[in-house]
Amino acid sequence: MKLEQADVMWLDAHCECSIAELVRLSGLSEAELRELVDYGALAPLNPQEAEWTFSGDIVLTVQAAGRLRDDLELDARTLALTLTLLKRVRELEAQIGELRAQLPR
Amino acid sequence: MKYKDYYQVLGVERDAGTDAIKKAYRKLAHKYHPDVSKDPAGEEKFKEIADAYQTLKDPEKRAAYDQLGRYQSGQEFRPPPDWSRQFGDTQFSTDDIDLADLFAGLAGRRPHAERRGGTFQMPGQDYEVTAHITLDEASRGTTVDLRLTVPEYDQQGRVHRVERTFKARIPKGATDGQRLRLRGKGGKGLGGAPDGDLYLNIALHPHALYRVSGHDLYLDLPLTPWEAALGAVVEVPTLGGSVRLKVPAGTHAGQKLRLARRGLPKPSEGEGDLYAIVQIAVPTVLSERERALFEELAKGSSFNPRGHFEQEIRHET
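Going line by line, the protein sequences match chains F and V.
Those letters in the first sequence? Residues 1 to 105, per the working numbering, in order.
Those letters in the second sequence? Residues 106 to 422, per the working numbering, in order.
Take the hints with a grain of salt, since some may be wrong.
[As the list claims (entries may be wrong)] Dumping the calculated DSS-like pairs for lysine-lysine here, alpha-carbon to alpha-carbon at most 27 Å:
id, chain 1, residue 1, chain 2, residue 2
1, V, Lys-136, F, Lys-87
2, F, Lys-87, V, Lys-132
3, V, Lys-152, V, Lys-132
4, V, Lys-361, V, Lys-371
5, V, Lys-107, V, Lys-150
6, F, Lys-87, V, Lys-107
7, F, Lys-87, V, Lys-371
8, V, Lys-272, V, Lys-293
9, V, Lys-132, V, Lys-150
10, V, Lys-127, V, Lys-150
11, F, Lys-87, V, Lys-162
12, V, Lys-109, V, Lys-152
13, V, Lys-162, V, Lys-136
14, F, Lys-87, V, Lys-293
15, V, Lys-166, V, Lys-109
16, V, Lys-143, V, Lys-128
17, V, Lys-107, V, Lys-152
Calculated directly from the structure, the hints in this document are not laboratory data.
Using the sequences and the hints, build the whole thing.
Encoded structure:
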């Protein structure tokens with residue numbers, strides 16, 4: 001499923017997104033996105049190919065990256081570290097949510 | 106239009122230098138940026154801080170702001186009569202904009218605006234709104250009515266704050282915290298530039314019975330001590346109606362009994378699971394007969410749920 005072609009789309013792992021679409025959605029340049037990939041903050045689905053595609057759930061991450069770059073004036077290295085830490089926070093929050101759901105009322 | 110004291114927002118003096126303004130902004134932005142802050146009021150607070158900084162960091166805009174005069178924050182005011190002639194080339198009504206729109210609309214400073222072949226071009230703004238829906242609505246899919254007040258630019262590049270209503274179809278598969286992108290449903294692009302998108306944040310209303318984790322649901326399942334010990338078949342409510350669940354003999358408190366594919370439907374295919382978390386419920390008031398039976402059980406049973414205490418303590422020492 002290609003993100004560009006759909007009008008209504010869940011931003012999750014079931015859709016794919018081209019690097020050009022990520023540029024449009026985030027305001028980051030392709031060079032900045034490639035730098036974030038180099039630092040390990042983003043991972044394409046097909047790193048060996050020239051035309052990268054990404055999982056649709058990455059859209060929210062790159063939009064946050066665009067806002068953080070603009071609002072906090074972060075360079076690519078700091079941005080990559082921030083995104084990595086934010087990802088860790090989201091994972092821990094999801095774990096807390098799952099454990100909380102299992103607690104009796 | 107309501108006045109906002111941008112110096113007060115950033116916590117700086119009116120004669121503060123650019124460096125002091127930048128430092129104050131950075132400190133507050135790190136604290137309230139919506140992508141890093143957990144403060145529920147953070148987003149609104151950050152917008153105020155960012156608006157203040159966008160105006161005060163630019164000497165021309167800051168001069169224009171200072172020329173507005175001084176009022177109490179929140180006080181209704183109008184710019185001086187010659188203000189727009191002095192600082193902008195656009196005519197605007199001060200009734201349908203706020204202070205941030207006023208400064209964003211100053212000539213040549215519209216965000217992401219550019220001229221191509223003499224035509225004023227600007228991509229439409231992305232809108233983001235939270236849709237609160239029930240678990241049943243998430244399960245079936247639903248249509249929500251949304252109302253947003255947004256700044257919009259007309260063909261002359263003048264800003265207006267307008268109320269827009271949307272009817273958005275949320276397909277089944279939603280869960281708490283999920284995002285839906287409605288392509289082209291944001292602000293209108295100008296001069297042939299693309300329209301913005303509308304992003305829906307899905308927030309589920311808490312349910313009286315179910316707790317949600319992703320597409321899985323959790324439900325407390327109270328059992329009597331004898332149902333847990335002997336096993337039983339009990340009715341369990343699910344989103345699709347009640348089902349009969351076989352509780353195996355020897356079930357203990359806290360055990361998770363899985364009802365496969367009885368959770369929320371997933372966007373692509375399949376469903377989450379429903380987990381019944383066992384609680385052992387004991388009657389708080391006993392009839393004479395019940396008391397007698399429990400006493401008989403107490404006398405006749407050799408079961409000791411604390412048998413491991415002594416063993417573990419011995420092992421530790």
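Is the straight-line distance between the alpha-carbon of Lys-107 of chain V and that of Lys-152 of chain V 27 Å or less?
holds (15 Å)
Regarding the pair Lys-272 of chain V and Lys-293 of chain V, is the alpha-carbon distance no greater than 27 Å?
holds (16 Å)
Holds or violated: Lys-143 of chain V with Lys-128 of chain V, Cα cutoff 27 Å?
holds (22 Å)
Given hint Lys-162 of chain V paired with Lys-87 of chain F - CA-CA distance at most 27 Å
Violated, because 32 Å separates the two Cα atoms, which is more than 27 Å.
27 Å limit on alpha-carbon distance, applied to hinted pair Lys-361 of chain V and Lys-371 of chain V
holds (21 Å)
For a C-alpha distance cap of 27 Å, please report whether Lys-87 of chain F and Lys-293 of chain V respect it.
violated (33 Å)
Pair hint Lys-132 of chain V and Lys-150 of chain V, alpha-carbon separation not exceeding 27 Å:
Given pair Lys-132 of chain V, Lys-150 of chain V holds - Cα atoms ~13 Å apart, limit 27 Å.
Taken at face value, is the distance from the CA of Lys-87 of chain F to the CA of Lys-136 of chain V at most 27 Å?
holds (18 Å)
Pairwise hint evaluation, Lys-371 of chain V against Lys-87 of chain F, where the allowed Cα distance is 27 Å at most:
At roughly 22 Å apart (the allowed maximum being 27 Å), Lys-371 of chain V and Lys-87 of chain F satisfy the hint.
Given hint Lys-152 of chain V paired with Lys-109 of chain V - CA-CA distance at most 27 Å:
Holds, at about 12 Å.
Does Lys-132 of chain V lie within 27 Å of Lys-87 of chain F when you go C-alpha to C-alpha?
holds (23 Å)
Holds or violated: Lys-162 of chain V to Lys-136 of chain V, with C-alpha atoms at most 27 Å apart
holds (19 Å)
Going through the hint list in order, the structure does not satisfy hints 6, 11, 14.
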